[in-house]
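Novice: The lines below spell out each chain.
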Amino acid sequence: MSYFRAIDPFPLESAEHTKLHEFYARLAGGRLATTRCGGCGATTWPPRGFCPECASDRFEWVDLPAEGTVHAFTVQDAGLPAGFDGPRVFAIVKVAGHRIFSILTGADPGAVRVGQRVALAPLRVADDPRGHPRWLPAFRVT
Amino acid sequence: MRKVALVGAGVSKFGVRKATYRDLVWEAGKACFDATPGVLPKDVEGLVVGSVMPERTAFQSHISSLAAEALGIRPSALSARTEHMCASGTVGIRYAYAFIAAGLADLVMVLGVEKLNQPSGDEAILNMGTGVDREWEAAFGLTAPPCFALAAQRHMAAYGTSEEQLALVGVKNHTHAAKNPNAHFTKGATLEQVLCSRMISTPLRLFMCSPITDGAAAVLLASEDRARALTDTPVWIRGTGQALDGFQLTSLHEDYAHWPAMRRAAQAAYAMAGVGPHEVDLAEVHDCFAIAELIAYEELGFCRKGEAGPFVAAGRSDYGGDVVVNPRGGLIGCGHPLGATGVAQAAEVFVQLRGEAGARQVTDASLGLTHNNSGMGEHVVMIYGREP
Ligand SMILES: [Zn+2]
Chain A
4 MSYFRAIDPF
14 PLESAEHTKL
24 HEFYARLAGG
34 RLATTRCGGC
44 GATTWPPRGF
54 CPECASDRFE
64 WVDLPAEGTV
74 HAFTVQDAGL
84 PAGFDGPRVF
94 AIVKVAGHRI
104 FSILTGADPG
114 AVRVGQRVAL
124 APLRVADDPR
134 GHPRWLPAFR
144 VT
Chain B
626 MRKVALVGAG
636 VSKFGVRKAT
646 YRDLVWEAGK
656 ACFDATPGVL
666 PKDVEGLVVG
676 SVMPERTAFQ
686 SHISSLAAEA
696 LGIRPSALSA
706 RTEHMCASGT
716 VGIRYAYAFI
726 AAGLADLVMV
736 LGVEKLNQPS
746 GDEAILNMGT
756 GVDREWEAAF
766 GLTAPPCFAL
776 AAQRHMAAYG
786 TSEEQLALVG
796 VKNHTHAAKN
806 PNAHFTKGAT
816 LEQVLCSRMI
826 STPLRLFMCS
836 PITDGAAAVL
846 LASEDRARAL
856 TDTPVWIRGT
866 GQALDGFQLT
876 SLHEDYAHWP
886 AMRRAAQAAY
896 AMAGVGPHEV
906 DLAEVHDCFA
916 IAELIAYEEL
926 GFCRKGEAGP
936 FVAAGRSDYG
946 GDVVVNPRGG
956 LIGCGHPLGA
966 TGVAQAAEVF
976 VQLRGEAGAR
986 QVTDASLGLT
996 HNNSGMGEHV
1006 VMIYGREP
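Chains as they are written, first to last, in this note's numbering: chain A, 4 to 145; chain B, 626 to 1013.
Hints are computed from structural coordinates only; laboratory data are not their basis.
Each residue gets a CB set at the ideal place from its N, CA and C atoms; glycine is no exception.
Per the computed footprint, the stretches of chain A lying under chain B, defined by three or more beta-carbons under 8 Å from a beta-carbon of chain B, are:
1) 12-22
2) 70-84
3) 89-98
4) 103-112
With the rest of the complex left out, here is chain A (with noise of 0.2 Å):
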């Protein structure tokens, strides 16, 4: 037997895996989602099936705007993850007063800034071990 190596970096998006199923469907469609507590109204960031102030479970879908600007940013080099290439651009995104963690695609890493204008660029990733398609919730500079 070779040398044996096998991990599965990303989410499992598909509805017979998650009850977030509705933001990774809303994502390949170009949209940004996310929950709204049913107990308490509150809206958080990332999508939750259990509400931390409230303690409910019950929640509903709202779209977020498909836009924000850069609260921080870095340029990885080297130490990445296999799999993963750099220079990569990772950031944190300020939308509708939310903070989201995320990639810039396609940017150039000398010119990105903090306070800068990025939009919503969903990048699709390896299907799931099922063949179902798989999208993350990245950014590009507009």
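Once you've looked at the hints, dock chain B with the ligand against the given chain A.
Specialist: For chain B with the ligand alone, kept in the frame of chain A given last:
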């Protein structure tokens, strides 16, 4: 509550080790028993093992029982593993402390061990991604360096902290590590070397980062009666505190240069010990990245917010300064075998407060602090004293 003391400590060689997980357990256990005359494995009533990811790196779980058997310990009061990412070792020490203070055990070993370097090098870094949120962070390729880089960017923008001041943390800790035969790096480093080292994640360069390291460390904790029977120079646990701001990056303080959980953990530990930051002689702080040590000066109260850059530049965190920070070489110089780090910090305070630290000895050290974190929002602080 009963008083609790360290009565023994030992550390394996840290580095990219040609050694198995069990070899590392043996090395640290042997060093700890050798340093504790009068204690044999059969005398130890409990074992807590801090270890983060042996399931991925050694393909092994069930760690506490493995280590107990490897060392001949037959736990009669406590056997457990702690996993709290990079703070697992200190979290384990807190468990053992609480058990002994409550009267549930008299003599407990805490051992931290990690075998991170794998036959496939890129796998080691991939495994580190298990420490951040899989769904919302690690899926983008996030590991620790960019997190701490966000804090460094903000500290530089808000307070004018310079790249050179960040580099001076690397110089200091590499220089200290050169006096520690168990350190991963023992050659020291110049300011030019640190500033010219490869960029990892802006603005953090290679010599401002802790490496991927294999290693283990062990300490023995005892109740007051048992400690006084075993040694004339126990090292007393005076205070402890732990606090969390959050797990995901977007749950932390909006200004990434502010780590309020560290301040709260430190205040709890100072209050319990009845001391203040200016009484601390040496501090083993969690310099996983140079920026973490600078922010630690501020949140632990060694200097005011924003003044950490000038503090290190003036030598105030080095021998001859206000407080000697990371005399063993820190995580940057010693390496960071996750679960072993917090225990190795305690082992350094143990030898320092007993005056047994050799070339690294801090003059007249009587009060020592350790700070271990598992991300910018999760902190544990311990305070140890020569007096109870
Ligand atoms: Zn609610």
